[in-house]
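*Asks:* Sequence:
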Amino acid sequence: MNDIFYLLLRRLRQPLIILIVIYSVSTVGFVIIPGQDDQGNVWHMDFFHAVYFVSFMGSTIGFGEIPYAFTAAQRVWTLVSIYGTVISWLYSIGSLLALFQEPVFGRMLRRRSFVNEVSNFNEPFYLVCGYGITGSAIIKKLSERGIRAVVIDIDQERIDRLEMDDLLTRVPGLCADASLPEALDDAGLQHASCVGVLALTNNDNVNLSISIASKLLAPQRVVVSRTESEVNARNLSSFGTDHIVDPFRAYAEYLSLAAHSPYMHLVYDWLINPDHRPLSSAYKKTSGLWIICGLGRFGKALYYEFAKHDVELVLLDDDERQLKNYKNTVVGLGTEAATLEIAGVRDAVGIIAGTDNDADNLSIIMTAHELNPKLVTVVRQNLNTNTLVYKNSNADFIMESGRIIANRILAKLKTPLLPMFIEQMQQQDDVWAHTLLNRMSNIADDRELDSWSITVNEAETPAIIAVSAESTPVKLSVLMKDPRHRKDQLRCFPLMLRRNGDLKLLPGELTVLEEGDQILFCGLADASDQMSWSINNYNILFYLQTGEEPSHNLLAKLLKRV
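Heads up: the sequence shown at position 400 corresponds to 400 in the numbering used here, and the numbers run straight through without jumps.
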């Protein structure tokens, strides 16, 4: 609050001085000018009565002449004082209103209100720096899960949009430069309830500054940062950034799965992306020759991921220097049919338009599709303003960095077990993935597939611990029963069990749970809510386990044990 009081006093210094001077002069005048009492004797007003009279006279209340009727001299001085005090008040009030209308003062008030709101948080929250496509998608998902968040963005329009967005929980927003440590501190970086910082601005240097400040001011905080620079990624990694998301590399890994393991790709897609691809897309031919147009950072990331799995490639770029040290190259952009013909577009199974120019990318896939209608088309979107055009381009895959980063970060925030599962499942074959995909399809149909994890301990699953303590082992299958109808199954199933550091994919439903177990589930969000009810309520879990109501009296418990 000190900064606001300082600004108030500095801007209102002159009006206050004028007001004080006029009131002082008026008061002294009434003390000096002689009057008459009710006996006709000379009388001088004391300071108390003078201040009292000037106070109500200056506010034009007008209680009358006190304590005796005024002389002509006193009435003349009253007229002078009235005009002087009224004018000084008008000047002061005008200056105060002008100050309230100044943008800088409004920003200071909003910042102070923001700081007070964040400081009163008593539940875990994430500090999100940047409210673009990535930040807004993450905030929406966090809000749906009932997780609190705080936003910093340098663009006031984005903060205004945050206020207008229909979110399930209140999300405070601050318009400030997130690279400044004091802004991060105001947003609750050092608050005891802050559990993580997400650096999601579109400026790599700002993200780097946020990550450094976070690790220095609050080393225990989880820091997640996006980057589109390999140098920046190494820099972020060097001082302990917990998660670094590179959209080019992330999408290259994602697309590489589609080229060599279509079922594995769909499993990955359904777990990571809210709007998953249809099951029928796995039957489209993706093994064969792929053409990569544009050998920038995105193109190189694709090349290295595809090369790991011996995918046949042809590289196109209009800069011959970019193609040095690569095989199967063609100099050209790919917007011309002749260049694509040389690259073998008629025999290819897929083409990737990965330049940094949206018009060129759309031109490439349109030209290629005319030459080979069966092509799998992948197009990179650089500008958010072109979203409508890209949606109508009929491309099979649209690489939009903001949403890729959001999906990757949300997967990490939902549960640390999900990235572990994805890493483990990629060691399986595509037949295994096909079986898993059919199981996921039976659960989710066309709805969004969610994932969550539980840890068997007193804090997170008190009901499991209590039931197990009565020598009644709890199996995985019990957790997947509907607490509303015991004979019905929740629309979910376990993906992975972690026990004593060992990972088991797709554990059996008859697996007996032990304290310390971590289980990753996938299914509909409603199933997660119902399961949470079961693992926290002893009576419900006992009923799901035995089909009976629990007995709470001591005699019944002893007879049962006998």
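No lab work stands behind these hints, which were simulated from the structure alone.
Fair warning: there could be bad hints in the mix.
Claimed, not checked - Below are the EDC-like pairs computed for lysine to aspartate or glutamate, each with C-alpha atoms no more than 16 Å apart in a straight line:
#1 K412 x D269
#2 K140 x D450
#3 K141 x E182
#4 K308 x D358
#5 K412 x D529
#6 K140 x E117
#7 K414 x E182
#8 K504 x D396
#9 K327 x E312
#10 K300 x D356
#11 K300 x D185
#12 K391 x E423
#13 K140 x E163
#14 K215 x D242
#15 K140 x D360
#16 K487 x E548
#17 K414 x E448
#18 K215 x D166
#19 K300 x D319
#20 K141 x D165
#21 K414 x D358
#22 K391 x D275
#23 K215 x D185
#24 K141 x E514
#25 K141 x D450
#26 K140 x E182
#27 K300 x D310
#28 K141 x E509
#29 K300 x E228
#30 K140 x D165
#31 K504 x D488
#32 K300 x D275
#33 K141 x D310
#34 K475 x E423
#35 K374 x D396
#36 K504 x D517
#37 K414 x D529
#38 K300 x E253
None of these values were measured; they are calculated from a predicted model.
*Asks:* Output the numbers, in ascending order, of every earlier hint that fails for this structure.
*Replies:* Of the numbered hints given earlier, those the structure breaks are 3, 4, 5, 6, 7, 8, 11, 12, 15, 18, 21, 24, 26, 28, 31, 32, 33, 34, listed in rising order.
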